[in-house]
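Trainee: Each chain, letter by letter, is given below.
Protein chains: 2
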Amino acid sequence: MRRFAADRARKLIGSVQRSLSFSSVVADSSSSAASSRTPPPVTIDTINPKVLKCEYAVRGEIVTHAQRLQEELQAKSGSHPFDEILYCNIGNPQSLGQQPITFFREVLALCDHPSILDRDETHALFSADAVARAWQILDQIPGRATGAYSHSQGIKGLRDTIAAGIADRDGFPAKADDIFLTDGASPAVHMMMQLLLRSENDGILCPIPQYPLYSASIALHGGTLVPYYLDEATGWGLEVSEVKKQVEEARSNGIVVRAIVVINPGNPTGQVLAEDNQREIVEFCIKEGLVLLADEVYQENIYVDDKKFNSFKKISRSMGYGEEDITLVSYQSVSKGYYGECGKRGGYMEVTGFSADVREQIYKVASVNLCSNISGQILASLVMNPPKAGDESFDSFSAEKDGILSSLARRAKTLEDAFNSLEGVTCNKAEGAMYLFPCLHLPRKAIEAAKAIKAAPDAFYAHRLLDATGIVVVPGSGFGQVPGTWHIRCTILPQEEKIPSIVSHLTAFHQAFMDEFRD
Amino acid sequence: MRRFAADRARKLIGSVQRSLSFSSVVADSSSSAASSRTPPPVTIDTINPKVLKCEYAVRGEIVTHAQRLQEELQAKSGSHPFDEILYCNIGNPQSLGQQPITFFREVLALCDHPSILDRDETHALFSADAVARAWQILDQIPGRATGAYSHSQGIKGLRDTIAAGIADRDGFPAKADDIFLTDGASPAVHMMMQLLLRSENDGILCPIPQYPLYSASIALHGGTLVPYYLDEATGWGLEVSEVKKQVEEARSNGIVVRAIVVINPGNPTGQVLAEDNQREIVEFCIKEGLVLLADEVYQENIYVDDKKFNSFKKISRSMGYGEEDITLVSYQSVSKGYYGECGKRGGYMEVTGFSADVREQIYKVASVNLCSNISGQILASLVMNPPKAGDESFDSFSAEKDGILSSLARRAKTLEDAFNSLEGVTCNKAEGAMYLFPCLHLPRKAIEAAKAIKAAPDAFYAHRLLDATGIVVVPGSGFGQVPGTWHIRCTILPQEEKIPSIVSHLTAFHQAFMDEFRD
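These protein sequences, in sequence, are chains A and B. Counting the first sequence from 1 gives a position; this note's numbering is that position plus 38. Counting the second sequence from 1 gives a position; this note's numbering is that position plus 38.
Note that these hints are calculated values from the structure, not bench results. A hint or two may mislead.
No copy is singled out in the list; a pair is fine if it fits within one copy or between any two copies.
[To be verified] Simulated pairs of lysine-lysine, DSSO-like, Cα-Cα distance not exceeding 27 angstroms:
#1 402 - 489
#2 402 - 492
#3 194 - 114
#4 88 - 402
#5 194 - 213
#6 467 - 352
#7 213 - 325
Could you put the whole structure together from the sequences, leaning on the hints where they help?
Mentor: Now the structure itself:
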């Protein structure tokens, strides 16, 4: 009985999951081996079906197409109506020209090659506080061995620094024992999914639209995504009543709802949650017995004056709830913020509220992969403890940081205005994060043209945009959206001097598109 | 019918898997929340049972005990009969004082902070070929952005370098498209297990003794470990007849055997496979339709003159077998070799013989985690393309490399002789890798004393050794062994000047242990 109910729920939720993906998986049996030889040990029909089911649109088909165009451009300039491919599909700031923060790179270089620390020339090349910080970090590493596996949670001294940074940020204590350093935040997300998901009958609440790491990870670990829809009309508002409705529906279908993912600031939606809203979510998690998986990797990316970032740990502690009341995981990454050090693969999760025996299991899974990379660990400690007033690097550091963040804010506003000026396009403000997620009110003819080539209408639009302008965006179907609505996700990351030309190309493309398809 | 057969097979194989672990998982329900509050959303009884089942002895209970002793020593010197803890449990050379290769670290530091490349002082601090190599690598990275996410398989130019290094090593071509760069080799192992394992009815052949990453990964991905025993009497020989017997038995029990793991040089067993033996294995994989998962991370760690490393790709190609004949995955890591850069988390897998559609699925899974860390990627390219004769760094590089490898060879021999001189201990030669895996012929009384405290006899011995000497080794039960035999794994990595004192402490401990328990 329960099983049939669960089957129905999966069908229901499956339709949402399918709508998340642009390119459906094609199990093309015609591509299997020729009959003249022994069949290969692995075919598309014999791999893990969870792998087949997993989708990750941010690096999906449209990006492959863009890479092909780029190769064609390199082979023959002038072969397309644009000079370069602009990758607005992924939050990868340095790929679009953002410069790394000097102080962070100085410290990383010195920790990579500590034997120059004592040399005179080093003082001409590196700031004094970078040298001092490198010494401090080396002294936190047993034997100063930056080439050794560390503790499976990460180097203890660096976790102390991170915990102190969290405590400073929140005004509530944090412990090194609660920090698990990981190669970016993604492996930390996988670890929690692996821990929580026992079967398809276990569900994880995810916002729709969502960052597709979550749907991919849930698919790979064999669980069920339970969607809750953000309300576009109220600036992608997170309504607890909507979440409650979805939990009840999932439960009535036999799904055990184990956790809720909240992305704040939102990805792809860019909203910053209000404190009141966060309090409601905390109350809801406690009442319903849900783990709160708080994706807080955009905590330093806020572009509006009337909002600020509050961690869910701060909110819950300020409500008087402690470890014994709420089970909470906070993800942070060196890939985002003003630093944007995606290639360094640094990140951590702070886990609180788990029992000691469950914590041991998390540690065990972390230990199977030994440890995360030490440079990423060091960088995670640096972003949580950057130069302070009085340090030699402070002024230049602040100038770099403020320059990046204020430019991002200007770019967000310019692109938001540009989208809103387009016929049939509405775009909420990017209060934070690195994306705009405009809604495309596409003409019926465009939708039919898409259907004729078996493409989702937003994917059709994104492909046409790419072919006409070289701008790569991700169709909304890769993130999930209310059925029948169409969006694209576009990063705000192209360098500021390129924004005017992007706006004019986008505008010209859109006008031509509408001229072609206007009903 | 098939299902019951599979159940029987799992029970059979389950008993081997259990024997792999020292500390059994204790689901202590008494530690769950007090009844006065809402039950927590996650308890040890409600987590994924695959996580519970997974074991990883290399960082298991004995290491936790060692860390406790270390803290006690730090708090009160003289509190134990030794001055320091010697971590011989894990192949982590730099944690025991091995120095990194200067050239590699120079290049890493320069790539971390490229803005110093043009400065005069840099030429005083760094070798000219390191500067040149850093420029060359930066030019291979789009936009010279070492802080950007790369292609999900890794930076194309670095993969070209690695493919050229493989081709040089093997004398057969290699392609950048076949390389997937990963954060150490472990994530690459997980990726293949995730791809191949659909259910408990899928089996992976693993040597016993094995490196516990394999048993852990198979458990986490819900498959079945099909053991094949290495023959200790013939220097841990890999007998294809034994593998064949195990495949047949597994199949008769309903298990679909999908792949075979071969670790060469062996971990924990240290043997280097002979070419003839490798050819037999290749033939067997082709005949039986098995993927060959070749753990070749110790390819540069060979300590005997009469053996050399041959990759399975070289062997199969030299037999005339191409991509269409054999599906082969080769793992390599920057953590091992003479470089021992464990903390950098660099590594790759070379995958050949998969169909294009399956390859796409591997790429998709890689893309969900975006990319591996760039420093690790750079280091992987450096170990596959180190300085050459004529380069400024070549002489110093060669001196560092040869110094480390020849010292490791001497340490392996000294420790092997020491183990063999102990009463009731026999130890095969470490022809390669970083470990000795001596067999302990324990007295009956010692076995009974272990049973009385519910410990495996080898774990009992290892604990007594640790408490008496501060030397941390891993009980053989963590790797698997023929039932009724007992072993320990001990790395050969302590610095050479410490080896005499280790030998004398080990000898004194063993004599006292035998005096206490001799029958």
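Trainee: Would you mind marking each hint as holding or not holding in the structure?
Mentor: Hints and how they fare:
1. 402 - 489: Between copies only: 25 angstroms across, 48 angstroms inside.
2. 402 - 492: between (46 angstroms within a copy, 22 angstroms between copies)
3. 194 - 114: between (53 angstroms within a copy, 20 angstroms between copies)
4. 88 - 402: Result: close both inside a copy and across copies, 24 angstroms intra and 12 angstroms inter.
5. 194 - 213: within (11 angstroms within a copy, 40 angstroms between copies)
6. 467 - 352: within (25 angstroms within a copy, 57 angstroms between copies)
7. 213 - 325: within (26 angstroms within a copy, 55 angstroms between copies)
Comparing the model with each earlier hint shows no violations; every hint is respected.
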